[in-house]
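Here are the chains, one letter per residue:
Protein chains: 4
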Amino acid sequence: MLRGLSRAGLGSIGSDERFIALAGEHGFQTVDIDAKGLIDRNGLEAARKLLADNNVTIGSIGLSVEWRQSEETFRAGLAKLAEDAAAAAALGCRSCCTYILPATDFKAAHFTVIATRRLRTCAQILGAYGIRLGLEFVGPHHLRTAWANPFLWTMHETLDWIDAIGEPNVGLLFDSYHWYTNGHTLADIEALTPDQIVHVHINDAPDLPVEEVLDNGRLYPGEGVIDLGGFLKALNAIGYKGSVTQEILTKEAPAASSEALLERSKAGFDKVYQAAGLA
Amino acid sequence: MLRGLSRAGLGSIGSDERFIALAGEHGFQTVDIDAKGLIDRNGLEAARKLLADNNVTIGSIGLSVEWRQSEETFRAGLAKLAEDAAAAAALGCRSCCTYILPATDFKAAHFTVIATRRLRTCAQILGAYGIRLGLEFVGPHHLRTAWANPFLWTMHETLDWIDAIGEPNVGLLFDSYHWYTNGHTLADIEALTPDQIVHVHINDAPDLPVEEVLDNGRLYPGEGVIDLGGFLKALNAIGYKGSVTQEILTKEAPAASSEALLERSKAGFDKVYQAAGLA
Amino acid sequence: MLRGLSRAGLGSIGSDERFIALAGEHGFQTVDIDAKGLIDRNGLEAARKLLADNNVTIGSIGLSVEWRQSEETFRAGLAKLAEDAAAAAALGCRSCCTYILPATDFKAAHFTVIATRRLRTCAQILGAYGIRLGLEFVGPHHLRTAWANPFLWTMHETLDWIDAIGEPNVGLLFDSYHWYTNGHTLADIEALTPDQIVHVHINDAPDLPVEEVLDNGRLYPGEGVIDLGGFLKALNAIGYKGSVTQEILTKEAPAASSEALLERSKAGFDKVYQAAGLA
Amino acid sequence: MLRGLSRAGLGSIGSDERFIALAGEHGFQTVDIDAKGLIDRNGLEAARKLLADNNVTIGSIGLSVEWRQSEETFRAGLAKLAEDAAAAAALGCRSCCTYILPATDFKAAHFTVIATRRLRTCAQILGAYGIRLGLEFVGPHHLRTAWANPFLWTMHETLDWIDAIGEPNVGLLFDSYHWYTNGHTLADIEALTPDQIVHVHINDAPDLPVEEVLDNGRLYPGEGVIDLGGFLKALNAIGYKGSVTQEILTKEAPAASSEALLERSKAGFDKVYQAAGLA
Numbered sequence: 001m002l003r004g005l006s007r008a009g010l011g012s013i014g015s016d017e018r019f020i021a022l023a024g025e026h027g028f029q030t031v032d033i034d035a036k037g038l039i040d041r042n043g044l045e046a047a048r049k050l051l052a053d054n055n056v057t058i059g060s061i062g063l064s065v066e067w068r069q070s071e072e073t074f075r076a077g078l079a080k081l082a083e084d085a086a087a088a089a090a091l092g093c094r095s096c097c098t099y100i101l102p103a104t105d106f107k108a109a110h111f112t113v114i115a116t117r118r119l120r121t122c123a124q125i126l127g128a129y130g131i132r133l134g135l136e137f138v139g140p141h142h143l144r145t146a147w148a149n150p151f152l153w154t155m156h157e158t159l160d161w162i163d164a165i166g167e168p169n170v171g172l173l174f175d176s177y178h179w180y181t182n183g184h185t186l187a188d189i190e191a192l193t194p195d196q197i198v199h200v201h202i203n204d205a206p207d208l209p210v211e212e213v214l215d216n217g218r219l220y221p222g223e224g225v226i227d228l229g230g231f232l233k234a235l236n237a238i239g240y241k242g243s244v245t246q247e248i249l250t251k252e253a254p255a256a257s258s259e260a261l262l263e264r265s266k267a268g269f270d271k272v273y274q275a276a277g278l279a
Numbered sequence: 001m002l003r004g005l006s007r008a009g010l011g012s013i014g015s016d017e018r019f020i021a022l023a024g025e026h027g028f029q030t031v032d033i034d035a036k037g038l039i040d041r042n043g044l045e046a047a048r049k050l051l052a053d054n055n056v057t058i059g060s061i062g063l064s065v066e067w068r069q070s071e072e073t074f075r076a077g078l079a080k081l082a083e084d085a086a087a088a089a090a091l092g093c094r095s096c097c098t099y100i101l102p103a104t105d106f107k108a109a110h111f112t113v114i115a116t117r118r119l120r121t122c123a124q125i126l127g128a129y130g131i132r133l134g135l136e137f138v139g140p141h142h143l144r145t146a147w148a149n150p151f152l153w154t155m156h157e158t159l160d161w162i163d164a165i166g167e168p169n170v171g172l173l174f175d176s177y178h179w180y181t182n183g184h185t186l187a188d189i190e191a192l193t194p195d196q197i198v199h200v201h202i203n204d205a206p207d208l209p210v211e212e213v214l215d216n217g218r219l220y221p222g223e224g225v226i227d228l229g230g231f232l233k234a235l236n237a238i239g240y241k242g243s244v245t246q247e248i249l250t251k252e253a254p255a256a257s258s259e260a261l262l263e264r265s266k267a268g269f270d271k272v273y274q275a276a277g278l279a
Numbered sequence: 001m002l003r004g005l006s007r008a009g010l011g012s013i014g015s016d017e018r019f020i021a022l023a024g025e026h027g028f029q030t031v032d033i034d035a036k037g038l039i040d041r042n043g044l045e046a047a048r049k050l051l052a053d054n055n056v057t058i059g060s061i062g063l064s065v066e067w068r069q070s071e072e073t074f075r076a077g078l079a080k081l082a083e084d085a086a087a088a089a090a091l092g093c094r095s096c097c098t099y100i101l102p103a104t105d106f107k108a109a110h111f112t113v114i115a116t117r118r119l120r121t122c123a124q125i126l127g128a129y130g131i132r133l134g135l136e137f138v139g140p141h142h143l144r145t146a147w148a149n150p151f152l153w154t155m156h157e158t159l160d161w162i163d164a165i166g167e168p169n170v171g172l173l174f175d176s177y178h179w180y181t182n183g184h185t186l187a188d189i190e191a192l193t194p195d196q197i198v199h200v201h202i203n204d205a206p207d208l209p210v211e212e213v214l215d216n217g218r219l220y221p222g223e224g225v226i227d228l229g230g231f232l233k234a235l236n237a238i239g240y241k242g243s244v245t246q247e248i249l250t251k252e253a254p255a256a257s258s259e260a261l262l263e264r265s266k267a268g269f270d271k272v273y274q275a276a277g278l279a
Numbered sequence: 001m002l003r004g005l006s007r008a009g010l011g012s013i014g015s016d017e018r019f020i021a022l023a024g025e026h027g028f029q030t031v032d033i034d035a036k037g038l039i040d041r042n043g044l045e046a047a048r049k050l051l052a053d054n055n056v057t058i059g060s061i062g063l064s065v066e067w068r069q070s071e072e073t074f075r076a077g078l079a080k081l082a083e084d085a086a087a088a089a090a091l092g093c094r095s096c097c098t099y100i101l102p103a104t105d106f107k108a109a110h111f112t113v114i115a116t117r118r119l120r121t122c123a124q125i126l127g128a129y130g131i132r133l134g135l136e137f138v139g140p141h142h143l144r145t146a147w148a149n150p151f152l153w154t155m156h157e158t159l160d161w162i163d164a165i166g167e168p169n170v171g172l173l174f175d176s177y178h179w180y181t182n183g184h185t186l187a188d189i190e191a192l193t194p195d196q197i198v199h200v201h202i203n204d205a206p207d208l209p210v211e212e213v214l215d216n217g218r219l220y221p222g223e224g225v226i227d228l229g230g231f232l233k234a235l236n237a238i239g240y241k242g243s244v245t246q247e248i249l250t251k252e253a254p255a256a257s258s259e260a261l262l263e264r265s266k267a268g269f270d271k272v273y274q275a276a277g278l279a
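Protein chains in written order, with full-length UniProt numbering: chain A, 1 to 279; chain B, 1 to 279; chain C, 1 to 279; chain D, 1 to 279.
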């Protein structure tokens, strides 16, 4: 399993080019960035060289299509999605991810059928380029009532949704924070096959009652109460070989320098990989 | 458009064999019955002859699979669905229909994804035999709150669901009663293509505020306030050529003899087809 | 059924803008042009106005994706396909068509599976914009051996392929010339439902043995031996309401002026529509 | 990876019940048998107990649907397929396999589209029960010309076909004999993900020029020239955890007793698992 970083939790790290260099320097193997932007700015060959020189690959791109609002907005994003997918494929990245808010102001059943169709279209376009679509279920309890109607938030609901979408290249973005806040278990991970997981996020949670854990109250790996050793061990046991990417969402931006935050992140990964018997 | 009958509204009409004979005698062209049962009791050749001798075909079979409850129950019905479809195809019937209750006690979003996948499977099995699946949206307002959570009830929601199901052989069961109770218009019909309609039901409604119209308070065609002439004219204009089938759901069974009810039904069809300029 | 024109058979008619104007002047209702190009040159509002002022709509756009060669070439066209589809939808066009050569230098079975997947992807992208994909089977016998291995060329084979592609928005581009050179009958048309036809081409054939009829030896409607009256009558009877578009492929460009060729085309349409009882 | 047996290569081993007992006795973990037959003869609970008592599970059932001949024959098998799948699921088996002959007397392109649609339908029915469909490519050269037209026989062609079928639950039945006779490499295995493999067959080949190796000239594992150690090592490295099932097809039935053949099979597995570093 590859050690990965997103920009969340690294402060003002600057350009993606600098992010790549610093990630590599600190022993991280993947970064979540915009593949198309990297190529647009550098050209394909230089973008490839930049990644290779820093021993870094792209863990996942984000789904740029807005699939939660109007049909017009949705359609307007599809041509760019094809370009995003082409760029990701050209740089060897095979994952594209989006998150699922656990509530909606739309009528739930109607929103579900529309979103099912739209995410299927996104998966089909990504699939033409060999890219997989990862859906991130979101566990913190406060978000379940942040909009009028409950939507989907557990791993099992999301797997059912993936079945409804019905494309071979759709799976989970599996985030330890959402696994924890849902009260899911190690057995829930062990029941998965690796192809059901497109991407993994790793975050830690404060020592609070689980219902009070906030989505933007995340801690660096190893600094909180989630059993991240067990989490990683279970993922490794089922054969997951992809990226495990840190994404520290916090209410206020961290004050330390990016270099300090990278050190802190590295120390966190070392700790939890060791706890998993993987270091 | 073919004049069709279901058993609902015809009293104690007896066996399907008698139903077929009486439907033919009264000038109806289709009946909604269980194709497999007809073959099981009579053999394929005799079943075909019975229909042919009475100038009657099967308008639609009903979906025998229980797709609203447990996964176990759902799966248990799939082998019979294949047999139902084979029987229907052998008798020249190309439609199979089910209805959608407008509310559910399950969490709406989760029920939607499960039902999407299950109805897709049903459509796929039916499609292997050249049979289409018709989904009936259900309009009466009182049913929208008869279970805990709102589901889908309008034509437009149902068309969106058909898109989410994503199989080429799924369309609407279009019932005048549900069109009326939803407040849909002639323009809503005129915006359809005929392949979006798998089957049509015809019923009339009492002169009540539309919010008070009950699902089991239906009238024979021409005896109520629905613009059935306009309804049929619009269906004909878009090129619909299938069955228009009466299905009179009432709180209490009608007291008259089946023969009298057939006469009444025939008179109703004559009246509304004439109003549509189709008689 | 709408009277439609492509540029093939109209000589040096100039820009699409002039084509639209001349088509409208001669009473044609649709033109097959590149929707995206029209918008790119004129802007969306002016493009809409140009069509409306000339009482012309777009019959179909052509599929710009190269689905017959390398995977790289295929993928490179998908972003533009989304843009083409968006442009077509913005101008009210709902059809996009491609043709199927009846032989291939690739191994037939392998080419079939690759092309099935690629055309499905094209259909999925088009479907996101409400556009249908029409597949044109190609009948002239000489093309069946023009490449090493036989592929698909009959209506029935193409319908089977559409089933294999499996998307709801795929149907036939039905060309009278290919219907004729395949020896298909009026009964073959009458067995279709209108949703199986995305677009229609009309052409006439010289009085030669059918095996000797060349793909680029086409005549204007009414000038040859094809029963175009029967052809149109059958299409109308099944409920087809779309465009019937002339596409005169000839070995040498016609010598007459575009105005004269438009007159000739109009006379041909008048003759065959009259023969069909539709004028 | 589980050590598995089919009946092929075990002589007159008698009933499936005896087969299960003897497989267990000789340390094999899976058997390929007809799940429905086992339940029909024993009842579900006794069938489960029989397997459990012998520490054996079912590796894969065979696809009972005839998908290569007439549409009528195909459809006639679908109800039984649902029953087969239900039986397999009830016994914990998640695989169903069929083989692909590398040539066909049908026109190749047309057969391909029909078979694509039919295998998709089979996959959809199996998928409703959580069962995967494995497609076995067949490598021996003599079969490529045993029928009039070439079809598909390599791993890569078959993966392309799986993409064309387009269902999430379709993958390869990967047989060492077909891997070898196709001249595929260890790198070809290493490029796969485990979810692309539904089932594995293991067989060895005589020391002949690869073009002369016959489909029914197979040897027990470790008795021939295939690098089965490398084969197993590569499968293990990519994370395949399913069954590796022997299937010795020979021109003449082996003369030895089933017990002796089981010993011979066990010795073969011991040898090649050891060569793979897995014993």
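In case anyone wonders, no lab produced these hints; they're calculated from the structure. Among the clues, some could well be false.
With a Cα cut of at most 20 Å, we get these calculated SDA-like pairs of lysine to any residue [as the list claims (entries may be wrong)]:
no., chain 1, residue 1, chain 2, residue 2
1, B, K80, D, E263
2, C, K266, C, I13
3, C, K107, D, D195
4, D, K107, C, K241
5, D, K36, B, L44
6, C, K107, D, A90
7, D, K241, A, A237
8, A, K49, A, K80
9, D, K36, D, E66
10, C, K241, C, D188
11, A, K80, C, F106
12, D, K80, B, N236
13, C, K36, A, D105
14, D, K266, D, G11
15, C, K241, B, N236
16, C, K80, A, A79
17, A, K36, C, K107
18, B, K107, A, H141
19, A, K36, C, A253
20, B, K36, B, E25
21, B, K107, A, D105
22, B, K80, B, L44
23, A, K80, C, I13
24, B, K107, A, K49
25, D, K36, B, K107
Sample of chain A residues lacking proximity to chain B, with all beta carbon distances greater than 10 Å (derived) [claimed, not checked]:
no., residue
26, R18
27, A109
28, E157
Glycine residues also receive a C-beta, built at the ideal position from the N, C-alpha and C atoms.
Checked hints:
no.: 1; hint: B:K80 to D:E263; verdict: violated (44 Å)
no.: 2; hint: C:K266 to C:I13; verdict: holds (15 Å)
no.: 3; hint: C:K107 to D:D195; verdict: violated (28 Å)
no.: 4; hint: D:K107 to C:K241; verdict: violated (34 Å)
no.: 5; hint: D:K36 to B:L44; verdict: violated (28 Å)
no.: 6; hint: C:K107 to D:A90; verdict: violated (42 Å)
no.: 7; hint: D:K241 to A:A237; verdict: holds (11 Å)
no.: 8; hint: A:K49 to A:K80; verdict: violated (24 Å)
no.: 9; hint: D:K36 to D:E66; verdict: holds (17 Å)
no.: 10; hint: C:K241 to C:D188; verdict: holds (18 Å)
no.: 11; hint: A:K80 to C:F106; verdict: violated (32 Å)
no.: 12; hint: D:K80 to B:N236; verdict: violated (40 Å)
no.: 13; hint: C:K36 to A:D105; verdict: violated (36 Å)
no.: 14; hint: D:K266 to D:G11; verdict: holds (15 Å)
no.: 15; hint: C:K241 to B:N236; verdict: holds (13 Å)
no.: 16; hint: C:K80 to A:A79; verdict: holds (7 Å)
no.: 17; hint: A:K36 to C:K107; verdict: violated (35 Å)
no.: 18; hint: B:K107 to A:H141; verdict: holds (16 Å)
no.: 19; hint: A:K36 to C:A253; verdict: violated (45 Å)
no.: 20; hint: B:K36 to B:E25; verdict: violated (23 Å)
no.: 21; hint: B:K107 to A:D105; verdict: holds (15 Å)
no.: 22; hint: B:K80 to B:L44; verdict: holds (17 Å)
no.: 23; hint: A:K80 to C:I13; verdict: violated (35 Å)
no.: 24; hint: B:K107 to A:K49; verdict: violated (50 Å)
no.: 25; hint: D:K36 to B:K107; verdict: violated (35 Å)
no.: 26; hint: R18; verdict: holds (41 Å)
no.: 27; hint: A109; verdict: violated (5 Å)
no.: 28; hint: E157; verdict: violated (5 Å)
Checked against the numbered hints above, the structure violates hints 1, 3, 4, 5, 6, 8, 11, 12, 13, 17, 19, 20, 23, 24, 25, 27, 28; every other hint is satisfied.
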